[in-house]
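Now for the letters of each chain:
Protein chains: 4
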Amino acid sequence: MVVVMDLSAGPEQVIAVQQRLEQCGFKIHIIRGVKRLVIGAVGDRRSVNSVGLKAMPGVEKVVPIMKPYKLVSRELKEESSLVKVKNTVIGGSSLAVIAGPCAVENREQLLTTARRVRRAGAGILRGGTFKPRTSPYSFQGLEVKGLELLAEASAETGLATVTEVVDKANLELALEYVDMVQVGARNMQNFRLLRAVGRSGKPVLLKRGLSATIEEWLMAAEYIVSEGNENVVLCERGIRTFESATRNTLDLSAVPLVKRLSHLPVIVDPSHATGDQRLVAPMARAAVAAGADGLLIEVHPEPCKALCDGPQSLTPEDFDSLMAEIRQVAAAVGRFVKGGTRSA
Amino acid sequence: MVVVMDLSAGPEQVIAVQQRLEQCGFKIHIIRGVKRLVIGAVGDRRSVNSVGLKAMPGVEKVVPIMKPYKLVSRELKEESSLVKVKNTVIGGSSLAVIAGPCAVENREQLLTTARRVRRAGAGILRGGTFKPRTSPYSFQGLEVKGLELLAEASAETGLATVTEVVDKANLELALEYVDMVQVGARNMQNFRLLRAVGRSGKPVLLKRGLSATIEEWLMAAEYIVSEGNENVVLCERGIRTFESATRNTLDLSAVPLVKRLSHLPVIVDPSHATGDQRLVAPMARAAVAAGADGLLIEVHPEPCKALCDGPQSLTPEDFDSLMAEIRQVAAAVGRFVKGGTRSA
Amino acid sequence: MVVVMDLSAGPEQVIAVQQRLEQCGFKIHIIRGVKRLVIGAVGDRRSVNSVGLKAMPGVEKVVPIMKPYKLVSRELKEESSLVKVKNTVIGGSSLAVIAGPCAVENREQLLTTARRVRRAGAGILRGGTFKPRTSPYSFQGLEVKGLELLAEASAETGLATVTEVVDKANLELALEYVDMVQVGARNMQNFRLLRAVGRSGKPVLLKRGLSATIEEWLMAAEYIVSEGNENVVLCERGIRTFESATRNTLDLSAVPLVKRLSHLPVIVDPSHATGDQRLVAPMARAAVAAGADGLLIEVHPEPCKALCDGPQSLTPEDFDSLMAEIRQVAAAVGRFVKGGTRSA
Amino acid sequence: MVVVMDLSAGPEQVIAVQQRLEQCGFKIHIIRGVKRLVIGAVGDRRSVNSVGLKAMPGVEKVVPIMKPYKLVSRELKEESSLVKVKNTVIGGSSLAVIAGPCAVENREQLLTTARRVRRAGAGILRGGTFKPRTSPYSFQGLEVKGLELLAEASAETGLATVTEVVDKANLELALEYVDMVQVGARNMQNFRLLRAVGRSGKPVLLKRGLSATIEEWLMAAEYIVSEGNENVVLCERGIRTFESATRNTLDLSAVPLVKRLSHLPVIVDPSHATGDQRLVAPMARAAVAAGADGLLIEVHPEPCKALCDGPQSLTPEDFDSLMAEIRQVAAAVGRFVKGGTRSA
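Protein chains in written order, with the working numbering: chain A, 1 to 344; chain B, 1 to 344; chain C, 1 to 344; chain D, 1 to 344.
Calculated directly from the structure, the hints in this document are not laboratory data. All the pointers check out, no bait thrown in.
Identical copies carry no separate label here, and so any pair may be met within one copy or between two of them.
The list that follows gives simulated cross-link-like pairs (lysine to any residue, SDA-like), each with its CA atoms no further than 20 angstroms apart:
1. K54 <-> S138
2. K54 <-> K67
3. K70 <-> R36
4. K168 <-> R199
5. K145 <-> R133
6. K168 <-> E143
7. K168 <-> Q140
8. K61 <-> E75
9. K61 <-> R260
Just chain A, same shape as in the assembly (with noise of 0.2 angstroms):
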């Protein structure tokens, strides 16, 4: 850590500073600069939050020189990490394709859908059952009935399936259902639930919250890990810029930003970044050019009819055509998709 004096500040005030970083066990180096005088504290960072520095007198700013995560830091641990959900591995040199709508509506929209999706490759089917919505008077979700819908789809196809949770009672829920719980980008700071996952081993999806920082969200995964769960499996899904052409803004350059910072899988989800089907397939085919571990990608068997964000999905057609396309680029930087049937 290092403590930036102000120019006016005193002798007293300088000295005070000194006697607080000792007494919260930090050494300390003095640096006279041409103006202004610098204090270097050698120590834990984790305790700077109790030390209150920059409301002392005389002090301009306090720059921490330590990352504030740890379990999850590549310092910590240099090679990758793999997290498997099932039979798909996210984090080798496969890439994991997760699909399927973005609420489970009812027994044939579900199945269909993950028919096709396996048939062109996924090994993760997706489908929300506990629905965040903006609006009290939206769709909420089928609940229980969609858990079970899931399992029925993954007993007939052998996808794995992720869903949603938002609290503690539908993940308890969901546990018993699914292959891998998700936190979505609502609830990405929502740290009793985090810790809660943390606590459950399944694997999780973490989703970038809208307006997170990089160093926030993996913070928020040191929160899942912290409780002894290493499953978790980073979400990029598009941040709120003033662009309002697409729904969010991919932070495509977070992919290898983070896989530069964190030993854990990252995944991408174009269909929420843009809300719109058209631009679905070129995020997909760059995200997979930036090394992103696997994608998210909402299928619906008729977007027009979807309860929930019909124009971000495709339909099993475009899906087709869409991991055609992904497998030619992730050849391309010497990645593959295992599975699905040849001739989709």
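We have chain A; now place chains B, C and D onto it with these hints.
For chains B, C and D alone, kept in the frame of chain A given last:
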């Protein structure tokens, strides 16, 4: 709702959209522009989500006309709502002041603060006991012990109390001890929590999410009110922008805008917005001048020893000065601050 | 400057950085942290750009300590600067009010407005004659004809005048006719223009760019002052954020922050920031309460016939009311508005 | 255009709006909604600005239907435009690569770079000679001397050249020396400059402004094309968002979106967007996979000695590797990179 068709949309695509809208109970008006065809659809917007029009071929964009919220809208209820929290009324011509430490740390800290802020004119005491923290390694709050201290401080000083709740379990606890519950910025779209505080009937302080639009914020309030609880106070606390010189960017224009759109009271939290105690007083004055119904101010007897958010906390002395300034500005805009011992 | 080395940086990399810094005239302090090595470098930051340290192997990040601006800094000059524009002083205890139409449209429009704003207490008349417009098909301004009208209005009313300049050619013209030149938000980093207005010696109204940080804004002012022109007035006019309910987000916390960092006066333009005349009065009051040294208000005799920015323009009657409110708030914060005919 | 009236709008207000629209040549369609009255107006949007409808009493909002740009729109011209710069065509099935240093520093630096990037397959050499720099104390470019070096490098290697221009004076100079001129992000709305490069007829590389929406970017291109110059290439280079882990946020979804809205070619600059050479290669691959027509890459023989933007510059060796990767990804999406010496 207005549906704008693509330049290249053929007649069969127009007919398909028309049929779809009619099936959903809308009445149709076709407008042929110079180049583009536009379909005006008259009906209930709340069914729009299920219509999936944007996913239909030939549709360029869908423009909603009705506002998505209803119960919180000033169109439904013209006169401004008043929310009563013990002896303090939020929303009338008097200005409500909520003050206290970010986190309840111990008995002495809380009681000292309570006495001082009461003397200076605050009506409600704040204090966090279930702290949502970015890092799992930071102080997470005293939990029930903190609630007991809030109750004790209230009993001694007569101040009402407010504390943040983050899930149903601590909401249930908090309901027994405090007069108002806060839903924090990170939980503004935790819809389960919104429904739960809605069912509780307690006054709710609903903070705006870091990246929430004003419409989303009002929709979050709609969740609470739609459960039958009209005691909602909105709190602007800064939004996330590219500017990092302040912690967040306090969006004060939200105050007069929200007061035009909604009948709910709106208060401002300059402490969290700026993250810098030196900016708290000017922004508190500005909030009052902009028409805010109240303020939320962090006060700590020893900011540089605070376990949380010290840099933005005022000392009790600073708070005395602030209150004096606030009284002046309030008077200039036709409002006043009740209470406080003159000598403060 | 503090250079943080990578965890994996080897001793030869540390030595290379050290040598590089020494070559550039920095004195070196090595701090060995628990995990990381940090190099404190004492010297002149302005040579840092040429050092390219961040590109050296083993360097994780470079943290500047000194501020990049100098002449505009309050560290260089403690007392607040006053900028005199004809009879109006911007920056003292009186509040400067600049008012007038977005664009000069014709003689009657301008003179009517000038008489009314003068009577209400404005000291400076604004009016655009070289309009930077997003669309090449929009009204682009009266150019020289507009300057002549501004001069006529000034002669009749005694008001000082300000107009926006967008390149050297119209700057030269404007210098003959007006008392102050404005550099608009879109040109805040048009460095050629900044140098040119710097060399002109005229008072300059420097608007903050839509996406400019406070540091970049002060650097733009530094360009002007470094050419020998100290008559710079900063103008906050809203920044671009995700919120689209207002045209921009007025960043009022920039006012007290800039006044702490710099000795230059700061005024606020609530008209462009909000884009909505119903929000102009509350945000003008808030600006004064936050400590702004003045206001820039758009006034038009018939806003709904304005060729530019009608929706945010006040009528002369609205402006009279606004000025009455402003006088009250100014008094509450120890300031006053000079001039104006009492009966206004 | 659709005008949405306020709930409380009276009949006389509706009539006033109607009359105003008819005066401006619009044909009127009244739609009576469940609660609100909506007026559809058919006519030429370009006169809307002068109508000032939003300022009329009783008007809640005005929704434009037509796009504000015309000449650059794909609706006007369906086939994609090709822009020829010496021997390089931007916009066809071959991928255009522009490479070179941020700033021309000296003869050896530029010639070394030119030879290497040519060998690796670049078609156009970039090099700044008039540098817009945030700080007046930073290196401002070699000016004419730099242009001469670009011409020399072009003569020797056969590469086309591009340089940034910041005002009319240096545009006139640059026109004599280079094959393409660049309008930088900070000048994207410098409308005088846009008109000037429009009149010049030279190919123009138009960078997206840091906080420019896609619509504003296309409007800037419309300025150039409306002067008769159709040789415009758009360049996405990152937008400003809350995320500070990268210099800007590369908005890759702008690539497929702009290609749908406009017939102009779009290239991507991952160097300025990320500000970090370690992210350049993945984002360059992603850009190609997303459908970009070309890349702009900073290359410097000794990045850590660069006078400008060293941290984001590739070495010639890195650039060789990048080009090999790019060829693979291009092939995967049905494109190819012309030129380059196989052995590179």
